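Visitor: Taken in sequence, the protein lines are chains A and B.
Residue numbers for the first sequence follow my numbering, beginning at 1 and rising by one.
Residue numbers for the second sequence follow my numbering, beginning at 1 and rising by one.
Wrong hints could be hidden among the right ones.
Which copy is meant is left open, because identical chains are indistinguishable; a pair holds if it fits in one copy or across any two.
[What the hints assert, rightly or not] Derived pair list, reagent style DSBU-like, types lysine-lysine, alpha-carbon separation capped at 35 Å: (1) Lys168 - Lys64; (2) Lys150 - Lys64; (3) Lys168 - Lys40; (4) Lys70 - Lys168.
Since the hints were made in silico from the structure, they are not lab data.
The model shown is predicted, which means the values in this text are computed figures rather than measured ones.
Chain by chain, the residues:
Protein chains: 2
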Amino acid sequence: MKGYLWQATPSNDVHPAKLLHWESVAIDAVGNVIEFWGFKRNQGRVWALLYLRDVAHTAAEIEKELDLSKGGVSMLLRDLERWGVVLRVRTPGDSCWRYQAETDLLHMARRVIEEREFSFIARIRADLEEARKLAEADASTGKAQIQRLKRMETLADATEKALKLFLKTSRLDVGGMFDVFRG
Amino acid sequence: MKGYLWQATPSNDVHPAKLLHWESVAIDAVGNVIEFWGFKRNQGRVWALLYLRDVAHTAAEIEKELDLSKGGVSMLLRDLERWGVVLRVRTPGDSCWRYQAETDLLHMARRVIEEREFSFIARIRADLEEARKLAEADASTGKAQIQRLKRMETLADATEKALKLFLKTSRLDVGGMFDVFRG
DNA sequence: CATGCAGTTCAAAACGGCTTGAACTATATG
DNA sequence: CATATAGTTCAAGCCGTTTTGAACTGCATG
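The task is simple: from the sequences and hints, build the whole structure.
Guide: Below, the structure is given as structure tokens:
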């Protein structure tokens, strides 16, 4: 959840490798959702390219199609592979790796978010609790202020609860997508 | 939902106006949650200061307490006022405005997110739909690709559904907080 | 083992959002 | 009306994140 003022791929750009127009529209759309989920736009774009094409591509091909740098592609693929949404395969005769899309994105988004966000919220709650304890220890603190600190803790609680429900929901919602994304 | 590697207010900083240590811990914690919700960290900090102190402050005071710039405070207050979480009051005798916290933050967070996110998701869905239509119009598109484009639309659907539930939940969760945050 | 291409690394550049601060406008006061 | 102080605006600067590209490593092949 951040600022969402992305550029809308107004047209086939100047250096297009061979991406069809509709491909780039779809690929960028996926890039935007995934960015919304807190990942890099280009992680989503790489995955989307591989998923749409349904053919294992080499890093060099991805680089040309999406107009990214060699180093960038390498790092993006490493992330996607680590998260299990892209598979690195070596066709028997061929001497270099090819990459292909694997499983759906939300599956991985959930996992990553789960691990990332909860420690985040836990930290906030810990800070608020610490603040309250310090305030309580300080004789000059008014009763009402302690009240307000406690109420702020509810803010963290509510956020955590909401986040939990969010993840649980996306698990259920996506239940049907589990298979939907294969083939 | 973005990267959450914030600095933990390790100690009373160098130029503190007169913020107590526990105050700054709490204020920063609120800044962090609110940033998580997609707002500016300092919007949360300003609100938190006013809420914790429960006394109307002048812009100059806020500026000193939180070590912000004059211009920054002006803009932050404008946003908070627009969202209805901070009230601008003028005490009879006094010649300058004072600001005080009003209602809880989640109330406003929900409203703003609601309006912001849905147009965001709508846009993504529209792009995916457009891509699919273009692909369908192109004779060279394979059947399987159209399938995959449709499946990508489920990604937007699932995201939207999850978001809706998220907001609804936060509404329920916060139901009890509605009053909790007053006085 | 020399050559060349695939893949990795990382310092530096590019980018984007946030904040600053100086110039400006508005408003109160004598 | 002159002056002072509060509040606003916005171009420029700052800062964190992402991307680039050149140097490097590793591996396959002749």
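Visitor: At most 35 Å between C-alpha atoms: does Lys168 with Lys40 qualify within a copy, between copies, both, or neither?
Guide: both (23 Å within a copy, 27 Å between copies)
Visitor: How do Lys168 and Lys64 come out at 35 Å by Cα distance, when the copy is not named: within, between, both, or neither?
Guide: neither (38 Å within a copy, 43 Å between copies)
Visitor: For the identical chains here, do Lys70 and Lys168 meet the 35 Å Cα criterion within one copy, between copies, both, or neither?
Guide: neither (37 Å within a copy, 44 Å between copies)
Visitor: Within a copy, between copies, both or neither: which one fits Lys150 and Lys64 at a CA-CA cutoff of 35 Å?
Guide: Between. Shortest inter-copy distance 26 Å satisfies the 35 Å Cα cut-off; intra-copy 54 Å does not.
Violation of the numbered hints given earlier is confined to hints 1 and 4; the remaining hints are satisfied by the structure.
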